Amino acid sequence: MFTKVIFGRYVPIDSVIHRLDPRSKLVLSLYFIVLVFFANNWQSYAFLAATTLATILLTKVQLKFFWEGIRPLIFIIILTVLLQIVFSAGGTVYWHWGIFSITSMGLVNGVYVFMRFFLIICMSTVLTLTTPPLLIADAVESLMKPLLKIKVPVYEIALMLSIALRFIPTLMDETQKIMNAQRARGVNFSSGSLIKRVKSIVPILIPLFISAFNRAEDLATAMESRGYRGGDHRSKFRILKWRGADTIACVGMAAITAGLFLLRLL
Amino acid sequence: MGQIELNNVDYKYQPDTPFEATALQAINFTVETGSYTALIGHTGSGKSTLIQLIDGLIKPTSGEVTVVDHHSTATSNSKDLDQLRKNVGIVFQFPESQLFEETVLKDIAFGPKNFGKTDAEATAIAKKSMALVGLTEDFAEKSPFDLSGGQMRRVAIAGVLALEPEILILDEPTAGLDASGQAQIMNLFKQLNVEQGITIILVTHNMEDVAKYANQVYVLNHGAIVKSGTPREIFANQQWLMENYLTVPVTTRVAQKLIDKGYSFDEFPLTVAELSQKLIPKLKGEQ
Ligand SMILES: Nc1ncnc2c1ncn2[C@@H]1O[C@H](COP(=O)(O)OP(=O)(O)OP(=O)(O)O)[C@@H](O)[C@H]1O
Ligand SMILES: [Mg+2]
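Top line first, the protein sequences correspond to chains W and B.
In terms of the numbering used here, the first sequence opens at residue 1 and continues consecutively.
In terms of the numbering used here, the second sequence opens at residue 267 and continues consecutively.
Just chain B, with the same shape it has in the complex (with noise of 0.2 Å):
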């Protein structure tokens, strides 16, 4: 039994109305306590319905969905739904939203203060947070309405990480940063799931992201799961891939199109660093 698990679980958003839209359908999802897990598909796929069931934020039409060891069905209330939300922390699409406080300091130790924390507690966590995210100590006191895009991201993703949650949801946390701020907070939640244990589920359209740091992906398709299994797997039949309108990472496309060529590799590379291991012998080998 994983950390996460969703057993069967629908999900239609205003039910018996005109407006009803079916979003998830027989969802079985499982994550594994320190795993990190990636989230794919194409827009409209489902994605953050679903991890916004994990949080509690909606409950299952029908279904069972369980966090560490509290549940959440279509007769819920809203008390049980709380009880899942201890556990996890999410950076939402766009989270710069969520900013409302006067200082940086003070809205980053929101979150811990409403689970209960001091103030002097909060706000030695919202230092820490502050430092993990890359924030120097001058932004503290500024009001986080005048920052820039980039920083008012950090900010936020600290708000979260604040909560010092045992589940990290992130649904495209690094959307509409520039290159190196995207590599610095992606590494951020790598060591976070490494050295902390911190489980790890990532919503992308970056497929180098999920090659490079996921070791479990599911792929969504019109509110469905249509593929579950290690990126290698995943990424192994790109065809498939193309028809579910999903692309493959850069190395990978360049690894397939040597194999065309008649390369062979004993194991399919991910990454630009496994890529380059597997081609350097070969072209010394050539000389």
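Next up, chain W with everything else stripped away, as it sits in the complex (with noise of 0.2 Å):
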């Protein structure tokens, strides 16, 4: 059930885009998701959404794939976006019901809306696509160590982050053999009322649960018996290098942002 949504999983091939700098694909994605809220007329729109695709195709993923991966996350966009029409108010009255009514200025915002979240999910999945989870959670601690000085626990915050990412695929393999086992057993997750489907996860939740917290207990216990201690003592496997890529993807990133500020005088 969960194997269509690519969003928040790697897929492990060799690209450009893989071989980045884990911070700069970081710092870029995040600089690219404030970058879409200024985008204010449909040609800045197209512009952004010309890049994301030129992003998407560098990664080297098949197209088909990344469609279909994110399409169940268009789905609540699109219901987010209705919400936001049929709301908003301004410019020609198509339609008027009570206090909802279609106008000119809600379908155009609406549009934009939709834009807008498309892009940053698309650009957010190519950064996941492309980036170990590990390799995003040694990019934050990288990121965040100049907030030692300030008493911010970087490192736990880093192993707690990186942490969950390693177990979110373990959780829905779990998901998946306590979903069979119970479907086994004649729990049916697809049919019968909303209450009679809303109690079915019950048997689902628990064991999920106590696996979970038995997991949790015996990586603590992994942890201490092998004299985990967190911090500046620690060595790296892997160590973040800084190359010509990254560097020539920021002035990428500078020229799309001049482009963007260029197309918005229109």
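These aren't lab readings, by the way, just hints derived from the structure by calculation.
As the structure is a prediction and not an experimental result, all values here were calculated from the model.
C-beta atoms are modelled at their ideal positions from N, C-alpha and C, and glycine is treated no differently.
Treat the hints loosely; a few may be bogus.
With a straight-line Cα cutoff of 25 Å, these simulated DMTMM-like cross-link-like pairs (lysine to aspartate or glutamate) come out [to be verified]:
#, chain 1, residue 1, chain 2, residue 2
1, W, LYS177, B, ASP412
2, B, LYS383, B, GLU430
3, W, LYS177, B, GLU432
4, B, LYS278, W, ASP173
5, W, LYS199, B, ASP385
6, B, LYS278, W, GLU68
For each label pair, taking beta carbons as the anchor points, the in silico distance ranges come out as [as the list claims (entries may be wrong)]:
#, chain 1, residue 1, chain 2, residue 2, range
7, B, GLY310, W, ARG243, 31 to 41 Å
8, W, GLY244, B, SER414, 58 to 68 Å
9, B, LEU545, W, MET172, 50 to 60 Å
10, B, GLN504, W, ALA54, 57 to 67 Å
Output of the computed footprint for chain B on chain W, the stretches with three or more beta carbons under 8 Å from beta carbons of chain B [unchecked claim]:
#, stretch
11, 175 to 185
12, 206 to 214
Please dock the two separately framed chains into a single complex, following the hints provided.
Shown next, in the form of structure tokens:
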């Protein structure tokens, strides 16, 4: 059931984007998300869409796979956008019922909101598709290091993040296994009344929580028994290295920013 | 036509994605009513995938699965798949993870209730199943999470037996149990097979169990069935088994050593009982 969703999953192939330093990927995708909010006309949205498409192509992940992976999320966006449209006012009124109305401004805004969400999801997916979760955690740690000076527990935060990221696929597998076992005992997740379906979640959640707690305990014991101590004493197996390609990516992003601000003037 | 029939079945995990993995290919598999079938093969050869197909938990990428008179193909919907499940009970690898109720008795009664039994009927069946797996009545009101690993395993198995299935599928049911517990549970399954005619499919790495209980064996290797036959036929060729990363029962190994030293058996012995029966007269004769 989870197999089609690719949001947050890493695809282990080789591409220019895969080889970038996780720090530059992380910063650049966050930067791009901010940038999306500066687009204000269809030209600027089209420009950002084109750069996003170019980036997706550079990852060498099949477009069809990418599209099928984010499609489930698009339904959620469309729902939000529909609410946005019927509740916003301004411009020519096309349809009106009680507090709901469809107006020209509402439609235009709706399309823009849709584009914003869509571009943000695409770029974050590019980040997670091309970067192993543990490297993302490493990047966060490395970027947050200056905060050590103001006593932010950077190493602990990074450790928590990497453990969380590491266990997402494990928990998904576990969920699938437990669901299979309960389905074999006659639980039906896809039919029956709403109450019945909500109730059918209990036989999954309880075993899942128990196994998650057991895992956490085992992990803690294993770490303690091997003398884990966080912080500066630890050396790193994966060393992050800034290379020429990262600089080029940053320059590219600067060019995109310049292009966007030119188009804003239209 | 058997009770379970797989016809040229392929199965791919996550088809059409970069993660695509072929788990089974061109599987033809038949199980007759009341038989005891062992499914062997090294780790990752597709055994667990195959039994999920039989229970309609997944549907084939191509080909057809038939269980009693329900079918599943690539185009089946979830209602069709539910039908397959009616006759089948599965004890999964590490079934303890299916426990969730407050008490042992409630957890065992969970399955029968889902399949339409009343509370009273389900409780009665649950008590019966507890006795079958060797859990005394003191356990009924305990929380399943306060039990030892082996006791939890028994509760989980009882929860599946309570479904009163015509076909019972066991995925390494005794892995991690102590020796006497293993023998007890395996004897219970054989007894259900012989006395109630329940069809059994056993997935196992334990060749002694295969030799002792099964009357039909399928060998899987890299997602394909590479050999099938009676245990005697399968274990007769040790060389071939080794090449397929499988071992042979200790008894068979002893017999093979004896043959190498010049002994001859009219029929290849599989179990300790068979081997000793054949050896005793010979040893006596030589005295
Ligand atoms: N959810 C999944 N997604 C992708 N591939 C999978 C998945 N589950 C299993 N596989 C792959 O399918 C193949 C068959 O797996 P399966 O679990 O059927 O093996 P098995 O014979 O039961 O092994 P074992 O003896 O270890 O239990 C393996 O190569 C495995 O990597
Ligand atoms: Mg398995």
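Hints, verified against the model:
1. LYS177/W x ASP412/B: Within the cut-off at roughly 22 Å; holds.
2. LYS383/B x GLU430/B: holds, 11 Å
3. LYS177/W x GLU432/B: holds, 23 Å
4. LYS278/B x ASP173/W: holds, 17 Å
5. LYS199/W x ASP385/B: holds, 17 Å
6. LYS278/B x GLU68/W: holds, 18 Å
7. GLY310/B x ARG243/W: 31 to 41 Å: holds, 37 Å
8. GLY244/W x SER414/B: 58 to 68 Å: Since the Cβ atoms of GLY244/W and SER414/B sit about 59 Å apart, the hinted range of 58 to 68 Å holds.
9. LEU545/B x MET172/W: 50 to 60 Å: The hinted range 50 to 60 Å holds for LEU545/B and MET172/W, with Cβ atoms some 54 Å apart.
10. GLN504/B x ALA54/W: 57 to 67 Å: Roughly 60 Å apart at Cβ, these two residues keep to the hinted range, so it holds.
11. 175 to 185: holds (count 8)
12. 206 to 214: holds (count 4)
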